[in-house]
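Novice: As a plain string of letters, each chain reads:
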Amino acid sequence: MASVGTSTPETTATLFSPNRVRRRTLRGVLAAAWKLRLSVAGATVLILLILMAIFAPLLTPYTTNEGSIRNRLQPPVWQEGGTWSHPLGTDGIGRDYATRLLYGARVALAVGLLATLISGVIGVFFGVIAGYFGGKIDTLISTLVNIMLTFPFILLALCIIAVLGSSFTNVVFVLGIGAWPIYTRVMKFEVERIKSLEYMSAARVIGLRNSRMIWRHVMPNLVNTIIVLGTVQVARLIIAEAFLSYLGLGIQPPTPTWGQMLQESIAFSFTWSDIWLPTLPGLAIFITTLSINFVGDGLRDLIDPRERAVL
Amino acid sequence: MAKTGRQLADENYARWQMFYKKGLISRRTMLKAAMVWAGAGTVGSVLAACGGDDDDDSPGAVPTATTAGAAPTATTAQAAPTNTPAAPAMGGTLRVALAESDLPTMDPHMHNLRTGIITFYHMFDNLGVRNQETLVIEPWLAESWEVVEPTRWRMKLREGVKFHDGSDFTGATVKWNWERITNPEQKSPQMANQAAVAGVELIDDYTIDVITHNPYPIFTERLQNFQMISEKVAEKGDEFLAENPIGTGPYKFVEWKKGQEIVMTANTEYWNPDVTMAYTDVILRIIPGVPTQLAELLAETVDIIRVVPFDQMQAVTNSGVATPKVQPILRVQFVRLDAKGRGTPDNPFTDVRVRNAANHALDIDTYIETLQAGGDRTPAMVNPKHFGFDPTIEPHTYDPDLAKQLLAEAGYADGFTVKWMTGASLMPNATQVEQAMQRDLAAVGINTELNYLSDGNLFTTLHNEGKGDPMMSYSWGSYSVFDTDGIYWDMFHSDSIFSYYNNPEFDALIEEARGIMDSEKRKELYSQAQRIIRDEAPVLFMWGLHTVWGVSNKVDWSPAPDEIDRYFWAKPA
Amino acid sequence: MGAYVVNRLIQMFVVIVGISVIVFVITNMIGDPVNVLLPPETPYEQREIFREQMGFNRPLVVQYLDFAVDAVRGDFGNSFRTARPATTIVLERMPATLLLTVSATLVATLIAIPMGIISAYKRHSIWDNLTTIFVVTGQAMPIFWLGLLLIIIFGVNLKWLPPSGYGDFGIERLKHLILPMAVLGFFLAPVTERLVRSGMLDALSQDYVRTARAKGLSERIVLFRHALRNTIIPVITVLGLQFGQLLGGAVITESVFAWPGVGLLAIDSIRNSDFPVTQAVVVILAVLISFVNLSVDLIVGVLDPRIRR
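Protein chains in written order, with this note's numbering: chain L, 4 to 314; chain U, -2 to 570; chain W, 5 to 313.
Each hint should be verified, as a subset may be incorrect.
[Unchecked claim] Pairs of lysine to any residue, SDA-like flavour, derived with a Cα cap of 20 Å:
1. U:K254 x W:L103
2. U:K255 x W:N32
3. U:K184 x W:P89
4. U:K255 x W:L162
5. W:K179 x W:L162
6. U:K229 x U:G168
Simulated from the structure, these hints should not be mistaken for lab results.
None of these values were measured; they are calculated from a predicted model.
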């Protein structure tokens, strides 16, 4: 949770935008892939996850909320008493655990992506405005960013959700609200840098309007940074949703979310034979965020000139 | 078919046997259960006395006159509870986990928390306490009481009782305490508990008359959760009281480490020789998370925890270091329906057919069997432990077809969608139960959107101001008043701020029952009232809770039906 | 330098005012203080009288100004729940939080710096990959679950450490500190590690490092004298900025380990609609965070005059 809304040092430190021409030989690609093996692995897992999320209804005969409480807590297939009808067992009210995990991927990715989109739009907008116009606007926005960064996000989330109640929309909204300042920070510096480039002064001399300048000349140069930053944020926001669930503020049942599944089953950690209950959703969160982070690392490497130099 | 107390006890015993077979409880717990069951005649006799339904085989039957709220005759102090230990040497420390966040104060009148009641029960004393077997309030700091007029109770107080600072407990003390708690300026959260008391008159140093505004049959019920503060200590001011709990109780206050623990040590000069504390020190630790508490119990760093999740009972038993102990309590769980249209005018539940349909949609027995450590069905919200419970009232059957039919009659053949407000719950396994209910309701066409409020005060505010959703999860501990009045008045009387129900006929019945002393007549009135509530179904009826404590195998201790843990009865196993 | 400090102080003031406004508005939206303060059975008329007595019926702006004037003097009013001064309540919980956060930061830094160096120096090696995995795990593992697992392993099964709590001052306190400190440190380490890694990568490709190498200086000197020194400044800056994040992690850690700090207090006060305490927690933390950031900036300013523009 806390990870939302503070700056990622590496991105601020090493991000830059212009893409260079790549050597496109097979060998070069393979060599690059080996160097970035973690990222390649991450991307593979991530693509699988996305496919699973999209095709969840085809992969399971159950819906997320069906079952009988008489059939509760069936063990997974690798344990004694487990059957293939519920390969990962059933939960506390008899729902198929595998189904809920699959659909949980949908929710996790939806939350991560939507909240990232919201925070990205707000954050980039403020960052570009602040960086491009500077002066009073910059001061105002920077103060806002400082306020957001000084207000412990989790307390803000607790307060806001206490007021609004915790639905899917509200959770996405709160996460989006909490995570935008990081974009503003990074974008502001980037825009200031781009503005000082020569072709920008040239464009200004020609007399291009501000809006045109921003759309034509500033934004295209920001895309790479935004993509890298956004990728990592998706992972952070998925974790953040789990934190909210832990505090009882996450998305409401019966919607299956990994955070809530982990929270509901966490006390099963005490029994070795039951530990799969918290472990599966915990692992789902872990693997997803891990993969996204690796992909983010790779993307960063690919568009970073110094990293390229070593490539 | 009517369930007598005996039958209820039998059912419970069967359940305990089942737990034992499943390995959820140890043999020792099972034996204890057997003893309780054997003694259930005692409980049975209370119900029998109330119901006039004689139960001859009850061993150790208590005089009917002492049943809750009856007592027009004098009651004298009986010996302290029967489980008198054989005076072992004192020593060691008992460590207990309290689930709440820290207590707000050390002033026993200025809180309304269960953990507060428990804490102050050890450092202070009450005028009367509940006998754990008969469930009747018996004299404690009071020596006896009698009704001299319908609105005047004469109370003889125990002499020679001293506060921990050496000051005396006298009639003036009691008078001061009642005046303090009923003073609106004091803003005690417990004021309503004592609202019936108009004043106290001193007859002599150790005799007082308590005057009630109206005849008040459940007067003695209010004597238990009302701890006596020394009026001399109180001269130091409320701020002093908030930090320094100086009472007459079996344990003395040592230290309050805020956010961490409350430390108490045995009062070697306790006035009641029957209370023999086995542990020199008692430490109440504040541990917010249930999994963390469980870890402390299993690590043997805490001896008693007050919540064991249902699915972890097995883990506790298997650990070999602790045992889960199931205890039926007075608290009743239910889902309130907005029958009056108070929060949402014209919501579907304003139609009695829809309310009954919703009740028929729920498979309560299965929930209890699979998701609870036990539960006493409450066909009309009244717990079998409440005086006035009518065992002849049949609960709603599980009948989805009937539910659909009723919905269709009410014009909801295609179902509807409503919001369901919920929050932190005292019910074990609450999330699972609610989701199971949600699924069963959806099966007949009642779609619900759960709305979890983590802010308990926000929940209370919305609920009490009439801004609640059409469905609201709720439980009611009746302020530990073992009388139907304790639940019906607050929950359903149209004047009560908790109520989302309005029925003048029902109001009249419980008003009459509140103002008379004749227990037979009261019982009859409550029986009528229960029939109304059963048929009008202003709530989704659930059950009287059975909660699970976790107790170290090194400690011999059992929880109590009134949810007030008495750690001074604990002794090394 | 003087003007810079004044400027920063003004900025800080504005930030704190902004935060106090937000927290004041939000807490007043959560619930009605009258309902928190009066027993639920209180009749409507009495509620309204009380509301007027307490001034809760005045416009929010007026109430805020009232609050702000007192807050400047360190008075956030009395807790609704305990009737004790909110400031006192927050301050008595502060040492526990400071102990936890400071020690966790230390642990995180001690892990992160060597790892970052190795990872940058042996780029794309197995060491780089291992540190990356280790470090990302810190951010990918829900810490409330990690915390419980550690409690079960070290507290319940091995019985090496107490499962939760604060312990008495001294050795006991240290024993109680180990697990929460490890969890929070593990949660924090990644940011610092990434920063050290990228800073080192950056430095290693700079001319002066190449020059140093060309001069034939030993790798150790190149790494620690030249490269690391230039990496450390952004690390310090971010450690300061991270303080807010740290507290977020502390909230969770404290609640898992029953650690009696400010984070736990904040959750409780929000859940109990105890506005004075919520307000005091948020504002006092904001002041603390701002001061940490300011002093970090000043230290960095002394180290590297270029920063002060």
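Novice: Indicate, hint by hint, whether the structure satisfies it.
Specialist: For each hint, the structure was consulted:
no.: 1; hint: U:K254 x W:L103; result: holds, 17 Å
no.: 2; hint: U:K255 x W:N32; result: violated, 27 Å
no.: 3; hint: U:K184 x W:P89; result: holds, 18 Å
no.: 4; hint: U:K255 x W:L162; result: violated, 29 Å
no.: 5; hint: W:K179 x W:L162; result: holds, 14 Å
no.: 6; hint: U:K229 x U:G168; result: holds, 13 Å
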